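All chains should be modelled from the sequences, with the hints used to inform the complete structure.
Chain order of the listed sequences is A and U. Each step along the first sequence adds one to the number in the working numbering, with nothing skipped, and position 188 is 206. Each step along the second sequence adds one to the number in the working numbering, with nothing skipped, and position 209 is 273.
The set of hints was computed from the structure by calculation and includes no laboratory data. On a predicted model such as this, the values are computed, not experimentally measured, just so you know. Misleading hints may appear alongside valid ones.
[Stated by the list, open to error] Taking lysine-lysine and the DSBU-like style, the derived pairs with C-alpha atoms no more than 30 Å apart in a straight line are:
| no. | chain 1 | residue 1 | chain 2 | residue 2 |
| --- | --- | --- | --- | --- |
| 1 | A | K32 | U | K184 |
| 2 | A | K32 | U | K203 |
| 3 | A | K611 | A | K576 |
[What the hints assert, rightly or not] Take a look, some chain U residues computed to stay more than 10 Å from chain A by CB distance:
| no. | residue |
| --- | --- |
| 4 | D92 |
| 5 | D101 |
| 6 | H139 |
| 7 | K142 |
| 8 | T147 |
| 9 | S178 |
| 10 | S183 |
| 11 | S185 |
| 12 | G202 |
| 13 | R209 |
| 14 | G214 |
| 15 | Q245 |
| 16 | S269 |
| 17 | A273 |
Ideal Cβ placement from N, Cα and C applies to all residues, glycine included.
One letter stands for each residue in the lines below.
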Amino acid sequence: MLNDLRLAFRSLVKTPGFTLVATITVALAIGANTAVFSLVNALLVRPLPYQAPNELVLLWEKFCGQGLDVIPVSAPEYLDYEKQTSSFTGIAAFDYADLNLTGGEIAERIQGAVVSPSLFTVLGIQPIRGRVFSPNEFGEGNDGVIVMSERLWQRRFNSDPQILGKAVALNGRNFTVVGIMPARFEFPIPLFNIQGGNFAGQVDIWKPIAFTKNDLESRGSRSYGVIARLKPGVTMQQAQAEIDAINAGWITKFPDNYSPQTRFGASLYSLHEQVIGGMRTALWILLGAVALVLLIACANLTTMLLARAGGREREFAIRVALGASRMRLLRQMLSESVLLAIVGGAAGTLLAVWGLDLLRTLGAHTVPRIAGANLDIRVLLVMLVVSVGTGILFGLVPALASGNPELTEALKEGGRGATSGVRRNRIRNALVVAEVALALVLLISAGLLMKSFVRLQQVYPGFNPRNVLTMELSLPQLKYPRGKPVIDFYAEVERRVARIPGVQHVALTSIIPLSGSNSDSSFHIEGRPEKQTNVFPDEEIRIISPDYFRVLETPLIKGRYFTEADNADAPGVVIINQAMAKKYWPGEDAVGKRINFNDEDPKKIAWFTVVGIVGDIRHRGLDAQAKPEYYLTHPQRPFRGMILAVRSLQDPRALVSSIRGELQAFDPEQPLANIKTLEQVTAESIAPRRLSTVLLGLFALVALVLASVGIYGVMSFLVTQRTHEIGVRMALGAQRADVLRLVISQAGLLIGAGTVIGLLAALLSTSVLRSALYDVSRLDLSTFVLVTFALALVALIASYVPARRATRADPMIALGRG
Amino acid sequence: MSDPLIELKHVERVYPLAKQQFFYVLRDINLKVEEGDFVSVMGPSGAGKSTLLHLLGMHDFGWTGEYFLSDAAIHQLKPKERTSLRNEQIGFVFQNYNLLDDLTVYENLDIPLSYRRYSKSERTSLVADTLDRFSIVGKKDLYPRQLSGGQQQLVSIARAIIAKPKLILADEPTGNLHSSQADDIMQLFKKLNGEGITIIQVTHSEINAAHGNRVIQLRDGWIVK
Chain A
19 MLNDLRLAFR SLVKTPGFTL VATITVALAI GANTAVFSLV NALLVRPLPY
69 QAPNELVLLW EKFCGQGLDV IPVSAPEYLD YEKQTSSFTG IAAFDYADLN
119 LTGGEIAERI QGAVVSPSLF TVLGIQPIRG RVFSPNEFGE GNDGVIVMSE
169 RLWQRRFNSD PQILGKAVAL NGRNFTVVGI MPARFEFPIP LFNIQGGNFA
219 GQVDIWKPIA FTKNDLESRG SRSYGVIARL KPGVTMQQAQ AEIDAINAGW
269 ITKFPDNYSP QTRFGASLYS LHEQVIGGMR TALWILLGAV ALVLLIACAN
319 LTTMLLARAG GREREFAIRV ALGASRMRLL RQMLSESVLL AIVGGAAGTL
369 LAVWGLDLLR TLGAHTVPRI AGANLDIRVL LVMLVVSVGT GILFGLVPAL
419 ASGNPELTEA LKEGGRGATS GVRRNRIRNA LVVAEVALAL VLLISAGLLM
469 KSFVRLQQVY PGFNPRNVLT MELSLPQLKY PRGKPVIDFY AEVERRVARI
519 PGVQHVALTS IIPLSGSNSD SSFHIEGRPE KQTNVFPDEE IRIISPDYFR
569 VLETPLIKGR YFTEADNADA PGVVIINQAM AKKYWPGEDA VGKRINFNDE
619 DPKKIAWFTV VGIVGDIRHR GLDAQAKPEY YLTHPQRPFR GMILAVRSLQ
669 DPRALVSSIR GELQAFDPEQ PLANIKTLEQ VTAESIAPRR LSTVLLGLFA
719 LVALVLASVG IYGVMSFLVT QRTHEIGVRM ALGAQRADVL RLVISQAGLL
769 IGAGTVIGLL AALLSTSVLR SALYDVSRLD LSTFVLVTFA LALVALIASY
819 VPARRATRAD PMIALGRG
Chain U
65 MSDPLIELKH VERVYPLAKQ QFFYVLRDIN LKVEEGDFVS VMGPSGAGKS
115 TLLHLLGMHD FGWTGEYFLS DAAIHQLKPK ERTSLRNEQI GFVFQNYNLL
165 DDLTVYENLD IPLSYRRYSK SERTSLVADT LDRFSIVGKK DLYPRQLSGG
215 QQQLVSIARA IIAKPKLILA DEPTGNLHSS QADDIMQLFK KLNGEGITII
265 QVTHSEINAA HGNRVIQLRD GWIVK
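In structure tokens form, the structure reads like this:
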């Protein structure tokens, strides 16, 4: 075997041109496969970084009657689950929390999480230093401790070995550090359940949940995720049945909270599914695409090796005459192809390292767990197997075609193996047809995705994202309790930022469109009979300041925008979008209608009058129709965590330092976080699509190049093979145009056959793209026609070059060779 | 009298033509070759000389009739058994030498042994002996293109006998050589024949044929003498 490999190496070195082209071909295909498989490995295969992650489940509630399918749970509900379930070894609640870390040179926004003490036990992760929370470190007044990540400990505290027991100032309050979690620990983990979801950064500080009295009394205030570990032997179905029984009990016990019309319930989901479920289709499409690229590369290499084998027929005949068995010849041929595949595979792996860097950059913040996409031992082993398998695949046909040479002819002086030559030509032609067909499938798929992406980019989102800067602020409760201090702070922020030169409009909002964050709230419409059924409408809600729609340039359809006069003491006002007006007041004028939120205590009812209707904003994604939304003004519903949105006359990024300066001047402890332009936010909302489109486009391009090289190679070989015939034809009076027609028509026949098969295959295969397409049919005629035409053109150009060479054949030389 | 090394009975080689017509390359060949014979097959171009040689060498299986080699009925053997017998008993020498261009002289000699599953040590010893016997030790690391035609044919003959065959089949072994080189090769064949190896050569040369002890004349596929 070693001897075969040594001879194969020598044989390949002797033909550097062939070896280089073949290696590049393998490298491109294996590189693409390695990169995509690394993604699949990181996202679908590699277990989540917790103990026995397949036992972990998430619990989300639902009110199907109100169209709410996946919503968090409230404090009382969580405590009930904790007490009443027996299917789990542990259950924990969690929520993201924005924490302002002060006490150092600069205030810094840290991504934090509030968690129940049981979380770390449920996940089965130990701290590298100190301890996790004890069961009594839970609830208001018992939450003065934190656990921090190894990352933060190293970065902000310079790996201080004395950190445990020290106090750290967060949101204006001191917390004692009790533990350090390992760098690999990540929780909450981004969940891919929001289209275009933009994930919070990695959590660096965990603190115990401090349920307030208010939290504990409100079953309807839902903001906590719930994670649990199934007991050994308990199935998801059994646990679900237990949850259903608990929910049924609540419906009886708390009829006001869970009226039958809302169809309340809760569902368990595998944690792994929730983390990667949304990426599965895209990954399979990409895996399919790179598999096609690999097949095209194999077809290409097979045709190249067939041509090479044709030139070595005499050598194989001699070997057989000297005693080589068919198996031995097969082994020798396969040694060459496998060696080529391994060398190409190694080069491809290097390409993949570079490609993965690119993928991680493109997918950061938008594709969960993409940071972990790297070349681990599993990827390398799989790619070694794929490379060797590829080598065998593309080497087998030429090896089989050459393993039984026509000895009598081949061993004669100047003899040729005519029979195997015909067989090889047939195989070669079939492979070119296959290459064209496969490339066409890939190109059409890429074309459809590109058209879809272009359409998506052209969608009017309901606002103008140009020249708008956004940044998050989160006020600590201690320093800014509810009400006036919060209103005053943000009013001052708006006032100061508005006077910065270049600022056109300033506004605040609780949520910016397309950011992946969302908030909804139920309400009651004056005069509607919801009170009897207890099914209240529930729609998306935003808290904004008066100039918000001017910053976004969202058109006012009717009525008015909020004004400064709509303050805390003024009558309640609400602005709704067109979708909401259409849904709740069809055929009526919504302006002047009233809604309220406080339905439990009739004495406290505060009515909000609809004062304006604005255009729809696509909040959940450019590809998702706008949902009904309503807007309240900040002074009437003050929020501590707001997003500052600034419309500028020029590039808004130039304003960052001025805005930071203004903020520092009146409260240096308030850090700005997530500073992004609205264009960036919009672009990130379609980043997963962009990633798929760019990758598929890239793979289609590689396929096109490979197919063209294949066609070029085969036509060159055929032209060389027909030199004698062409010489005879020219000697008999054929003109250059006749020769050109002869060769091009042969290529055209192959390309035509490939195109027809490719079109049929594309008609069937593009159905897998259906869910990934926006506003483009999977059978989009213009894409099919354009791509087919482009491929045929490129293929014909690839065959034109050898055809031109054929027309330059000198009849004397050509005939002399015969 | 012992059995002949080779016996052909009513052997025919036919190629089908269009419209149920046939082209006979060899017709009713009956031939005995005794062990130790040095036979020269002669005849004009197209007489069927090379076809007969390839038939004897079991490169061609498309014939009819009976073929016995060392008592083995070749016509009854399966392809694998024929290959095995060929590897055991026959060595080939070609007009155009058919050395493998990418292998050195040493490797060209080694290759028939490697195909016959000789051990590494046996191969080393046999190749060394053969290089020595043919006085080409100094050329063992050279490639065929670095040798003259005569030297290449010398290596080719060395390669043919290295696995100790009973029979050498040579297809115009001196066809590409000038007369002095051709004489050297014929002397070598005579020497090998003297050592007990049966030789059948196809040749156009009366001089070369004179080195053998028997001449077979072929014409239009028939043995005429």
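Status of the hints after comparison with the structure:
no., hint, verdict
1, A:K32 to U:K184, "holds, 26 Å"
2, A:K32 to U:K203, "holds, 21 Å"
3, A:K611 to A:K576, "holds, 13 Å"
4, D92, "holds, 20 Å"
5, D101, "holds, 22 Å"
6, H139, "holds, 18 Å"
7, K142, "holds, 13 Å"
8, T147, "violated, 7 Å"
9, S178, "violated, 7 Å"
10, S183, "holds, 13 Å"
11, S185, "holds, 15 Å"
12, G202, "holds, 22 Å"
13, R209, "holds, 12 Å"
14, G214, "holds, 17 Å"
15, Q245, "holds, 17 Å"
16, S269, "holds, 16 Å"
17, A273, "holds, 20 Å"
Hint compliance for this structure: hints 8, 9 are not met, and every other hint is.
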